[in-house]
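Q: Protein chains in written order, with numbering that gives the first Met the number 0: chain A, 0 to 460; chain B, 0 to 460; chain C, 0 to 460.
No lab work stands behind these hints: they were computed from the structure. If a hint is listed, it holds; no wrong ones were tucked in.
Heads up, simulated SDA-like pairs for lysine to any residue below, C-alpha to C-alpha not over 20 Å straight-line:
{"id": "1", "chain 1": "B", "residue 1": "K254", "chain 2": "A", "residue 2": "E235"}
{"id": "2", "chain 1": "B", "residue 1": "K457", "chain 2": "A", "residue 2": "D434"}
{"id": "3", "chain 1": "C", "residue 1": "K446", "chain 2": "B", "residue 2": "A415"}
{"id": "4", "chain 1": "A", "residue 1": "K289", "chain 2": "A", "residue 2": "R320"}
{"id": "5", "chain 1": "A", "residue 1": "K457", "chain 2": "B", "residue 2": "K433"}
{"id": "6", "chain 1": "B", "residue 1": "K403", "chain 2": "A", "residue 2": "D392"}
{"id": "7", "chain 1": "C", "residue 1": "K403", "chain 2": "A", "residue 2": "L459"}
{"id": "8", "chain 1": "A", "residue 1": "K110", "chain 2": "A", "residue 2": "D44"}
{"id": "9", "chain 1": "C", "residue 1": "K457", "chain 2": "A", "residue 2": "R395"}
{"id": "10", "chain 1": "C", "residue 1": "K453", "chain 2": "B", "residue 2": "S421"}
{"id": "11", "chain 1": "C", "residue 1": "K396", "chain 2": "C", "residue 2": "F358"}
{"id": "12", "chain 1": "C", "residue 1": "K403", "chain 2": "A", "residue 2": "L450"}
{"id": "13", "chain 1": "B", "residue 1": "K254", "chain 2": "A", "residue 2": "H22"}
What the simulated footprint calls covered on chain C by chain B, stretch by stretch (three residues with Cβ under 8 Å from a Cβ of chain B suffice, anywhere in the stretch; the number is not a length):
{"id": "14", "segment": "260-271"}
{"id": "15", "segment": "386-397"}
{"id": "16", "segment": "446-455"}
Facing chain A, from chain B, some residues (calculated, C-beta under 8 Å):
{"id": "17", "residue": "Y316"}
{"id": "18", "residue": "L368"}
{"id": "19", "residue": "N381"}
No residue lacks a Cβ here, since even glycine has one placed at the ideal position from N, Cα and C.
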Amino acid sequence: MRALVLSAGLGTRFRSEKPKVMHNILGKPMLWHTLKTLKELGPLDVALVVGYGAEEVKSYFGEAYLYFHQSNPKGGTGDAVLSAIDFWRDYEDYLLVLNGDAPLVKAQTVKNMLRYLSLVEEYENTKLSALLLSTQLQDPTGYGRVIKDQEGNVLKVVEEKEASPEEKLVREINGGLYLFYCPHLLETLFMVTPSSRTGEVYLTEVFKLMHQQGYKVRSFMAEDPTEILGVNTRWELAMAENLIRLRILQGWAEKGNTIHQPESVWIEPDVVLEGDVEIYPQVMLRGSTKLGRGVVVGKGSLLENTIVEEGAVIEPYSVVRNSHIKKEAVVGPFAHIREGSLVGKRSHVGNFVEVKKSFLGEEVRAKHLSYIGDAVIEDEVNVGAGVVFANFDGKRKHQSYVGKGAFIGSNALIVAPIKLGSYSFVAGGSVITKDISEGDLAITRPKLRILKGKGREKLLD
Amino acid sequence: MRALVLSAGLGTRFRSEKPKVMHNILGKPMLWHTLKTLKELGPLDVALVVGYGAEEVKSYFGEAYLYFHQSNPKGGTGDAVLSAIDFWRDYEDYLLVLNGDAPLVKAQTVKNMLRYLSLVEEYENTKLSALLLSTQLQDPTGYGRVIKDQEGNVLKVVEEKEASPEEKLVREINGGLYLFYCPHLLETLFMVTPSSRTGEVYLTEVFKLMHQQGYKVRSFMAEDPTEILGVNTRWELAMAENLIRLRILQGWAEKGNTIHQPESVWIEPDVVLEGDVEIYPQVMLRGSTKLGRGVVVGKGSLLENTIVEEGAVIEPYSVVRNSHIKKEAVVGPFAHIREGSLVGKRSHVGNFVEVKKSFLGEEVRAKHLSYIGDAVIEDEVNVGAGVVFANFDGKRKHQSYVGKGAFIGSNALIVAPIKLGSYSFVAGGSVITKDISEGDLAITRPKLRILKGKGREKLLD
Amino acid sequence: MRALVLSAGLGTRFRSEKPKVMHNILGKPMLWHTLKTLKELGPLDVALVVGYGAEEVKSYFGEAYLYFHQSNPKGGTGDAVLSAIDFWRDYEDYLLVLNGDAPLVKAQTVKNMLRYLSLVEEYENTKLSALLLSTQLQDPTGYGRVIKDQEGNVLKVVEEKEASPEEKLVREINGGLYLFYCPHLLETLFMVTPSSRTGEVYLTEVFKLMHQQGYKVRSFMAEDPTEILGVNTRWELAMAENLIRLRILQGWAEKGNTIHQPESVWIEPDVVLEGDVEIYPQVMLRGSTKLGRGVVVGKGSLLENTIVEEGAVIEPYSVVRNSHIKKEAVVGPFAHIREGSLVGKRSHVGNFVEVKKSFLGEEVRAKHLSYIGDAVIEDEVNVGAGVVFANFDGKRKHQSYVGKGAFIGSNALIVAPIKLGSYSFVAGGSVITKDISEGDLAITRPKLRILKGKGREKLLD
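Chain A on its own, in the form it takes in the complex (with noise of 0.2 Å):
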């Protein structure tokens, strides 16, 4: 089977100068959930008719595909197809085609259809000019009906618009999915006329040609009416989304892993959570995260790139990307840790503490208000509430390094770039702007004076 991704729409209704389909679901373009889709069916030649923003799309997706590009974009449908006819022409087999803002059809419905082509073939003796996805909708007002015959033969699609009165009750809609078998979309396909309300030479006209030539065509109805949801506004986007968004949820809850209020819940597709995780409400995991077994992330926290080791736990509110946190660590809740950075076994860093590019080795504690910026922390080091690392003259950034079991004292500034060695102790307030010896303390502190009564004078009077 080779697979044709339709994806030159205009998408006039997302008001956007961005091709429709790189809208993103999840942090990924819309068709790059739909060619998922497809790789879950195996091997396969895949290619896409583009248009609008074609630089973008094949900037995006790269040599894995072929491009077609389709010159009008008013065209329609049947002219995609024709556009990329050099793809199937010579195809003696069946040639899926279907649309790029279409992300919600599933493989197995896919793998459905091939397998009903089989048994239609096997047991009819038949083999299907086209089989065409479809389903069946309470209201099916704007969609395309499937005109059948007792037999269940497809007859044809008629759009909403040129539909009949009687046509019009037909519940079953066209999904926009097709497997069709080349040959025959050949012959027909160039004998459908553009219409002349619109110009457009649209696909669906080759049903009708097909049936006229004797050829058969059925259609296959999807389980799920969701699944041919196709994406015309941003605010169909949303709902995909959701339903992308949910199905995902749905899977890892039913790995082993527990996650309250699901649908606040956001987890890209390419996260993995390894069992025993504890999601959140309102928590967001993004690109490719990863969490250990047992791993709790607290309310609302957002995790992007971010390895979670085994029973770490990730308190409210907390900001991590492009980082690593180990076993058993803790962070947050309010805690903000920034690309490059590594957060040790058991350390704890706690609230309104920014990391950045720093190595915290185990048992580090930073537990308040503090700012740790390319500096390199030994283990069982104590940073102390208000501590700065100041790793920025004015000019260029600069490096720390603070040894093992040091103490620095809260408020302290650390100029770097510096080196405590380890056991020393930085005494609260102080500013570090030498190195400090293993094990000596430092201080910087001017002279405590005391005024009598200023106090109350400078309150009350």
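Mind docking chains B and C on chain A? Use the hints.
A: Using the frame of chain A, we list chains B and C on its own:
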């Protein structure tokens, strides 16, 4: 047309001292939403029947409306309309009567009703005495049923409690919104007797009387049954708020803005999105907030009465109120920008930074753990981590000024009032108590003392 | 009546080492919710059949319950009831049998079933041998069907797998909750033979046997089909948690509290709202939290085991645990109040402030970027921005005391243990290492040095 809004209800089931119609939906009283719908109908004389909490209603909505007082809080809807008899007694046209606690009715529905009145007048040569909005429910239990004859004329409306078994089977229910031809309303409303059971005068009794007088009454079916939802409990208030919220969100999405997890997002009715805005989950936009093209608002951020210009990014979990964020600025994550602040073009206010009543010029960087209060900060200033503008001396607030390109080192304290000249440099940890001239470096730093071996002693012995 | 709760299930599809019934719903084990329903029925002897993870169940629920051990984890429901035979063998009344993993059944439904038993006894002079809870589903696939005769007597319950095509059409399904007349249960349960397919003894087999013995069995239809939802996967756990959560939220709304976006709000079962409380989206209230009249909880805040008194305001994104917030206090946004703290009347704890095991008197202001740990702060104290109470010296924690009306300047460091007298004044940036007497001013401040032109040199050259 004139419109009469019944807003005297006690709202007993709200269990509140505040009048029911003054309870908020998306930051505005429920009644505001009903009156907004009326405004969309075009210029219109609107009167409100008020009762419990009348003063609160009047003082909020002011002199744009006429007010009539219903003296008997248990008089019923008929009594409420009679309370305002001076508003419509001599009016020889249609009076729209609706409830203040039914904020979901759409203006288009009322327009459709008016059009229906005209069509009936034109084509059937009939002036309807009343047209009532109705809808059809699967389960009509609890609602008043619309009883019609075979020609579709309304014979009466019966309350659940007084309905016969056959009448209870009727699924068309009264929506509580009516257009009355005033002369016929005047004639019949005086004939209504108070209910023997409750003592209330029910407005719905007039339909039976109109029929008896030989007048014609029809019903008009709302397309969307949620339109007629009344709000009698705070749970129904939450449901109405959700429905209005989703309408607003769908509107902005269809105008070309991307909204993720819309069911988690809160956008109040006066907010404006200028297109291609991207809203992440759990965002809340309040008051007169206005977002320029391409603005991104990260997860969970709350903006109130704030202008954000084109291309600016609000990172997750930021709170910005009554402020102005200029082009391409970056705010957050975890930033708090308070009343009367301006963040200039390409400036960056980062995590755990509070800005209050301050002006920040272009390309200012205040990225970590700072408090900037009552300050003017010129272009290209760098505010280090842990910097505090001490604007309060125990008695009053003072202003500060920082000139272009100045550098304030981390953990420095700026004791207001102060003026730092352009390209001045405050060394980290310094306490600045007097003005610094242009280009000068200011430093308060006691000698760094090292106590050999004393650190290890404090930590390990 | 006695009640027997079947809680021995392996919960294989949960993929968990923890017994299924111990998985949490809103902070309490699933089984806790089932037992709470039983408590609402009045005084009742309750026994639990336990198996896998029995010790964990017993140690959580303690001695208020009788426990019976099902030794064969694959014995089936009939075997589970037999395991507890000592509990009901000699009981000549009704035994309620239900599943521990069905936390959605309402007490009112069981009361209605008991009333139905009485009515049948009184008016039909019939003692039912069993009454089973059922419901009607559009799609009953997968559930046991209730097969009845034309008089409505239950003939048997058949599992999906053993149902004939006609039986599969039955839409009334078994809800898994039963009232059994013990003498008849005893007689028939011993007659049940293990399934030849699975080896399990199915409790539902007794219905057929009862019918064969000439006993009468009826079914009782639950009004709300969600009541009979069993929890077999963590996805179903999430769905059950959502349903219980919405019931709790609707209850509080109808008692006169305003809850915005209730589907985003989490309120655990032991929380109390005293009325006119306003809850914004994404709020989470845990444990024994209690909110006084008129309290407002801003967007996203998390309160756990915390008392908030009348008129206090919790601003957005605050986390408060095991603490007490007094009248009209203001907390947040972005405040973190930890275990054992008290915030006094009209006090204000503001953004990026952490309070731990501290007492704050009335009208204390700690509005920005501070850490207050292990301190007693008397009335009217002002804690400046960036102030840290350094309570840890590398070895142990120390206490501090701040007298009434004292002023602690910004970025000051209070090195505990310390006592600041009332109306004492700590100058900004000072490091306080000894006690300050009442009314005195304390300052540590090195000389401010100005290096002419040196700033410009560092920044521009």
